[in-house]
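Asks: Sequence:
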Amino acid sequence: MTHSEATQSGLLKTALHSRNRRFLVALMLFSGILAKSIGAPMMSDGIQIPQSVSETISRAASALVASTEGDSRMKLHHPDVPGSAASNALFRWSFLPGRRPGLRHDEMNLDQRIHAQKLVRSTLSETGQLKWNAIVALEDVLRKLSRVGGGDDPSRTSGQYTFAILGDPSGIEPWGWRVEGHHVSLRFLLQGDRWLSSTPAFLGASPTIPSVGPNIGLEVLDDEEDLALQLARSLRAEQLEIGLRSEGIPRDIIHGPGKGVVIEPIGIRRDQLTPGQQLVLERLIDVHLGLLSSPLEQAEKRRIENAGLDSIRFCWWGPLEKNQRHSYRIHGPTTMIELVRVAGNPGHVHIVRRDPARDLDHSPLHQHLVEAHGK
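Read in our numbering, the sequence shown has 149 at position 122, and its numbers run on one by one without any break.
Just so you know, not all the hints are guaranteed correct.
Claimed, not checked - Here are the computed distance ranges between Cβ atoms for each label pair:
1) L306 with D98: 49 to 57 Å
2) L137 with G303: 43 to 51 Å
3) A384 with S238: 36 to 44 Å
To be verified - The list that follows gives simulated cross-link-like pairs (lysine-lysine, DSBU-like), each with its CA atoms no further than 30 Å apart:
4) K102 with K145
5) K349 with K171
6) K328 with K145
7) K349 with K328
8) K171 with K145
No lab work stands behind these hints: they were computed from the structure.
Quantities reported herein were computed from a predicted structural model and do not represent experimental measurements.
Using N, Cα and C, we set each Cβ at its ideal position, and we do this for glycine too.
Whenever a hint applies, use it, and build me the whole structure from the sequences.
Replies: Now the structure itself:
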């Protein structure tokens, strides 16, 4: 029995032995038995993850909160349940430079930075951590490049990334955490041992191959492009008629901030691919999900598989060349992934992953949270 199931079972037993009707109703509401009738997410929603994983994430978040006080804690921790007006930092997102809610990394002391990194490690895979750190380091590269010719852009700093924790990580209500800055916007929502959402998830890189700084020559977000190119180049003539789009290359991601996934899936279906091509498509999806730690990646993958792999579509815009502007989209019932190479060379790439049903920006789950907890 999981921690959340044990909690509900104990509360129910207490309620059944109580002769006080008000106490009974209060306990039933508290345990979530009546939550569906008032529009709140149930413990049974989402995907079950190992209790050890959910507890590791919640402990890391609680430790980060405990390491702060005063103004720093007010910036970091929004104790209201996600969905309330006071905690909308989980839902509003941007991948542009600028101010955003939360505690900035350069406002943290050493102890707080250590706890922030532990929170990142609790949720992301080793590969995900490498991508996160490489993208953050690119801000210092952009600062150095801005100084060429005597200029300077102080907004380009690796200290700009902000952390925010929404709700009570040790409670029974939904809670989440978010990290965001230029070219990174990640958010995660849990409830007990249930994984509720990890989207919208945005990663970007510019330049994709830095020419200055400690990571010279390190190609950032390359697998996300290389596997898609491999799949697109393998399409036969009759497949290209379905999978290659003739209209203009999107200037940027279509499903950006404040937009739900509303367009119809287009492109070639998985069941129209050869077995070898299907494997490449699945590897490409795995690369995008591989940002998350293995148990969380598997949870997201189960959700995609349960909705039916054969209904997933793939389409490509533009030339089949790495260093030229292009775009692709993967679209299925529970996932939508876009990559746009905004600039060819030097590379500038934007990637977003969305979930039409359980996204935290204009989805049924988002609406449930707002209706249940909005004020």
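Asks: Go through the numbered hints given earlier and state which of them the structure violates, listing their numbers in rising order.
Replies: Hints that this structure does not satisfy do not exist here, as all of them hold.
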